[in-house]
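4 protein chains.
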Amino acid sequence: MLGTYKIRTDLALEAKERFEERDVEIRGVVVHEQYNQDKDIHTTVVKIETENGAKTMGKPQGTYVTIEAPNMSVPDEDYHREISKELAGHIVQLLPKKKVESVLVVGLGNRQVTPDALGPRVVENLHITRHIIREYGKEVMEDDTQVMVSGIVPGVMAQTGMETLEIIQGVINETKPDVVIAVDALAARSTKRLNRTIQITNTGINPGSGVGNHRQGLNEETLQAKVIGIGVPTVVDAATIVYDAMEHLLDVLEEQERKEFLDEMITPSLNQMFVTPKDVDDTVKRLSFTISEGLNIAFQEV
Amino acid sequence: MLGTYKIRTDLALEAKERFEERDVEIRGVVVHEQYNQDKDIHTTVVKIETENGAKTMGKPQGTYVTIEAPNMSVPDEDYHREISKELAGHIVQLLPKKKVESVLVVGLGNRQVTPDALGPRVVENLHITRHIIREYGKEVMEDDTQVMVSGIVPGVMAQTGMETLEIIQGVINETKPDVVIAVDALAARSTKRLNRTIQITNTGINPGSGVGNHRQGLNEETLQAKVIGIGVPTVVDAATIVYDAMEHLLDVLEEQERKEFLDEMITPSLNQMFVTPKDVDDTVKRLSFTISEGLNIAFQEV
Amino acid sequence: MLGTYKIRTDLALEAKERFEERDVEIRGVVVHEQYNQDKDIHTTVVKIETENGAKTMGKPQGTYVTIEAPNMSVPDEDYHREISKELAGHIVQLLPKKKVESVLVVGLGNRQVTPDALGPRVVENLHITRHIIREYGKEVMEDDTQVMVSGIVPGVMAQTGMETLEIIQGVINETKPDVVIAVDALAARSTKRLNRTIQITNTGINPGSGVGNHRQGLNEETLQAKVIGIGVPTVVDAATIVYDAMEHLLDVLEEQERKEFLDEMITPSLNQMFVTPKDVDDTVKRLSFTISEGLNIAFQEV
Amino acid sequence: MLGTYKIRTDLALEAKERFEERDVEIRGVVVHEQYNQDKDIHTTVVKIETENGAKTMGKPQGTYVTIEAPNMSVPDEDYHREISKELAGHIVQLLPKKKVESVLVVGLGNRQVTPDALGPRVVENLHITRHIIREYGKEVMEDDTQVMVSGIVPGVMAQTGMETLEIIQGVINETKPDVVIAVDALAARSTKRLNRTIQITNTGINPGSGVGNHRQGLNEETLQAKVIGIGVPTVVDAATIVYDAMEHLLDVLEEQERKEFLDEMITPSLNQMFVTPKDVDDTVKRLSFTISEGLNIAFQEV
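Chains as they are written, first to last, in numbering that gives the first Met the number 0: chain P, 0 to 301; chain A, 0 to 301; chain C, 0 to 301; chain Y, 0 to 301.
Among the hints, erroneous ones may be present.
It does not matter which identical chain is meant; a pair holds if it fits inside one copy or across any two.
Pairs of lysine-lysine residues, derived as PhoX-like cross-links and limited to a Cα-Cα distance of at most 25 Å, are as follows [claimed, not checked]: (1) K225 x K97; (2) K15 x K284; (3) K98 x K137; (4) K277 x K46; (5) K84 x K96; (6) K137 x K15; (7) K277 x K191; (8) K15 x K54; (9) K284 x K84; (10) K225 x K137; (11) K38 x K175.
Don't read these hints as lab results, they were simulated from the structure.
Source: prediction; values computed, not measured.
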């Protein structure tokens with residue numbers, strides 16, 4: 000009966016957990032978990048294999064890799080290098096098998112709002128090579144990246160007046176990248192996941208993701224190119240926090256009472272709010288660096 | 000019996016309201032309200048006149064002026080000019096009666112965390128005059144500001160390793176301003192107050208204010224100078240949101256149950272979180288400009 | 000015989016002056032000057048009316064309005080409002096006569112290099128309306144802007160790996176604005192013009208403009224839309240400074256000697272350098288605000 | 000006869016070279032050079048040992064280490080790690096021999112002017128530990144930094160109205176660090192040195208250094224603490240560029256003519272200008288990271 004009030008999560012892992020709580024097995028969804036004790040990294044791969052599985056999970060068919068590492072928010076440079084390598088490995092796996100010649104990295108989100116600045120910051124730290132390879136050829140790159148890497152920070156609708164999708168489609172039409180990698184800040188359901196989880200998926204970035212309102216999905220259907228989505232949960236919806244706190248209390252109420260109660264509690268104004276940790280500046284700065292390093296490494300290996 | 004769980008607010012106005020809800024009159028606290036219909040500005044002056052009043056309110060003795068204007072978050076430049084003028088009037092009133100020759104404006108908070116960037120942004124937009132007047136005399140200022148205005152953005156402890164108070168005390172010892180004006184982002188109790196309320200007080204800025212952890216108070220006692228505090232609530236504590244939502248539910252519980260319940264609900268991690276609106280970048284940018292204009296106007300009138 | 004070494008200027012006004020120095024009248028080029036004593040604003044309108052005039056001037060046919068005001072670099076808010084109005088008037092004049100329904104403002108340049116941040120900063124301060132009008136209709140805008148205003152900061156090639164032109168063309172194809180307004184930092188020939196001159200032209204922005212390397216022109220031909228260019232000179236090429244200083248000395252040399260000398264002096268590394276004033280942060284911040292206000296006013300009058 | 004026009008350089012290395020050009024040996028100045036072929040790093044140690052040497056060099060007595068590496072401006076992370084280690088070694092050498100318990104790192108310059116942002120950016124990337132060690136003791140730092148590191152970005156006079164020295168003195172009086180490390184952007188004489196040279200000195204930072212106007216010296220005399228200065232030349236004075244270009248031409252003139260000529264050429268406005276490379280954003284970002292890593296390493300070794 001949970002879920003009459005719509006709890007939002009951008010993490011497939013959390014969507015899955017909601018069912019586990021209730022001991023439900025979801026047909027069409029396969030899950031593999033792995034734990035690297037040395038590095039204290041949990042990796043979960045959720046594969047949504049059927050249309051039915053997609054419907055139940057509320058997420059498109061595809062592969063969702065989640066890397067969880069409690070130390071991700073700690074400023075240990077060597078450890079972050081490990082995470083970058085782990086990430087690079089998963090990105091390479093999700094890339095199309097045939098030769099990738101060019102990649103466009105899209106930094107979604109609002110540079111001006113700290114927890115939403117992840118995507119823009121990742122693009123800032125990338126090794127951009129497309130213009131160099133186009134002008135001088137791959138030879139000048141030596142042992143370095145051979146892929147033509149381009150990057151864009153489209154901004155959010157309040158800044159541009161345009162849908163992010165419109166801008167990205169326009170840029171793709173002109174520059175025809177083989178693959179698009181979209182990086183975004185996500186909303187998690189649980190504060191425990193904030194800033195210590197990276198999700199990598201071959202389904203792109205889909206509606207309602209992130210802190211702001213990046214409306215339509217960036218996926219193979221809308222962009223006519225393979226789209227890999229990389230996300231880090233940096234916020235929880237304010238409504239979710241309240242909902243979670245009340246969950247047990249609500250158990251004592253009848254369904255109808257509960258619904259009325261929630262409608263009253265979760266005010267529209269609360270939907271315009273997000274919850275984020277006080278040290279979000281540090282963690283976003285560090286994680287964006289970890290992710291751009293992961294991409295830089297992946298592009299050398301392709 | 001509310002208040003066994005400590006709800007935090009930096010607004011004297013909200014401290015007062017908590018008592019009104021319970022029809023309690025507080026001795027030693029005088030309140031005047033005023034409404035300007037033309038400009039749709041509510042002004043409330045709370046004077047805490049006795050030690051007893053201070054204890055009950057949980058705020059130091061002094062005058063707390065609150066300007067509330069729903070349109071403060073709207074990008075109407077003419078309207079913001081009105082707010083700036085209103086603000087300037089109150090600042091001039093709270094300044095010491097004897098001639099003020101020099102003012103240090105302190106921009107508290109973390110420039111890197113959007114809702115905490117208010118103070119730093121205000122200082123960025125000020126007309127700084129101290130160095131000019133010291134070098135060329137007041138004559139060069141013509142009809143402009145005659146007060147020596149200096150400004151500093153001390154940063155937060157995670158960035159500097161020092162207490163904000165240590166830095167400010169050091170700067171004051173060297174430069175001896177007559178008055179300190181400290182600008183900070185505040186925590187409100189209610190999301191309705193966010194980004195549409197300005198509090199001006201002659202008691203300075205006191206413990207626990209703001210988004211981050213600016214530990215000790217900036218007040219006449221610690222700084223050996225008159226201190227005016229200007230604050231705008233830009234966040235609500237995450238714990239407060241939860242508390243408020245649960246308040247009515249809690250009514251059905253016994254006191255002991257309630258206490259246990261809250262202890263469990265309001266987890267320590269929640270205390271490291273804040274709630275803020277998604278468009279906080281726009282409103283902080285606009286309000287910081289409104290406040291610095293208010294200060295610029297006030298300094299011309301002194 | 001000047002001009003064997005190519006001196007670069009983005010200002011039509013300066014291109015014209017080079018001929019005046021030598022008492023040459025240029026066929027196909029009409030110049031009108033005007034001086035507003037009250038506001039101390041010089042306005043020069045240079046019309047390049049023939050292909051021949053264009054060739055001689057080294058600039059495309061069209062109208063180039065230059066506003067010069069020595070006080071532009073002074074922080075007087077009322078004065079800047081006057082400049083904004085003056086600017087708005089010229090923009091409205093250069094807009095197509097038929098109804099303009101939608102405008103895309105492009106902020107060219109590199110947000111990370113102070114004198115090149117003008118364009119990005121202008122877009123930051125614009126009233127963006129396209130998404131609001133598309134969702135709610137013009138009615139909600141009341142007496143405010145009725146034009147659908149969108150804005151984009153494409154970044155520079157080193158950041159994106161893409162030509163600015165590719166990005167803009169893509170965005171225009173998707174969003175079909177009636178008019179494009181491109182704002183850019185320019186290179187002047189003389190340090191005296193820096194940060195106190197605004198050029199408005201209906202020819203767009205053309206090769207070699209700005210601090211960085213925004214390669215191909217943004218004009219009606221490349222963008223399939225009317226393009227208005229707005230520019231402020233914020234830098235002088237380092238090579239120009241040297242050239243100017245040596246000009247008189249060079250007079251004593253034979254042409255061949257002079258050429259050899261210049262080839263040696265103006266080293267390639269000098270071409271990778273620019274000259275800019277030490278207070279460029281203040282003036283760029285202020286002027287970008289003045290220009291965005293000018294645009295905001297213009298869009299209300301269309 | 001050179002030097003009648005005062006050419007400014009903040010690099011002891013360049014001050015020395017001026018004499019070498021004229022085959023002059025300077026008494027009281029000892030120079031050691033070293034070249035690491037593997038890493039392509041030139042290291043020059045200039046020791047000014049007598050008052051006479053100081054006068055001739057125009058720099059205070061002390062040790063000036065210069066690291067030159069052409070690849071410093073290249074985005075090769077491994078190479079930058081090497082530079083960081085090299086730098087760390089020199090810093091440790093220049094630190095007082097007795098136990099250093101606390102260090103204050105001062106990031107001089109203007110965060111808003113790209114080539115002057117080096118100092119502020121270095122502080123942004125430091126591991127700040129003072130507040131942690133003061134609260135929890137050294138035990139919590141494990142194998143990490145045991146020194147109490149604090150940091151401050153005082154801003155420039157146009158932003159604060161105060162002398163940088165006033166602010167630093169104030170902060171030092173309150174927090175009593177054993178050593179101050181001041182990081183600043185420097186002016187070089189030659190464009191060839193820009194962004195590929197680091198100077199480390201135990202004399203602090205002295206008048207006229209940097210892009211802006213940081214007036215009085217930060218040294219043991221003014222701060223009552225050991226001061227290490229770390230600087231990277233990121234600009235050349237505009238006047239210097241012109242002077243250098245004209246130098247040979249001037250040889251043909253009589254001394255008096257030459258002087259008159261220079262007075263005319265090097266206009267005051269030119270003194271308000273600086274020359275910097277177009278890609279200064281990239282190199283300052285990278286070098287500030289290299290330097291903060293160097294400091295982080297040094298603080299672990301103390």
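Inset, instruction - Please write out, lowest number first, the hints stated earlier that are contradicted by the structure. - result: Numbers 2, 4, 6, 11 - these are the hints that the structure violates, sorted from lowest upward.
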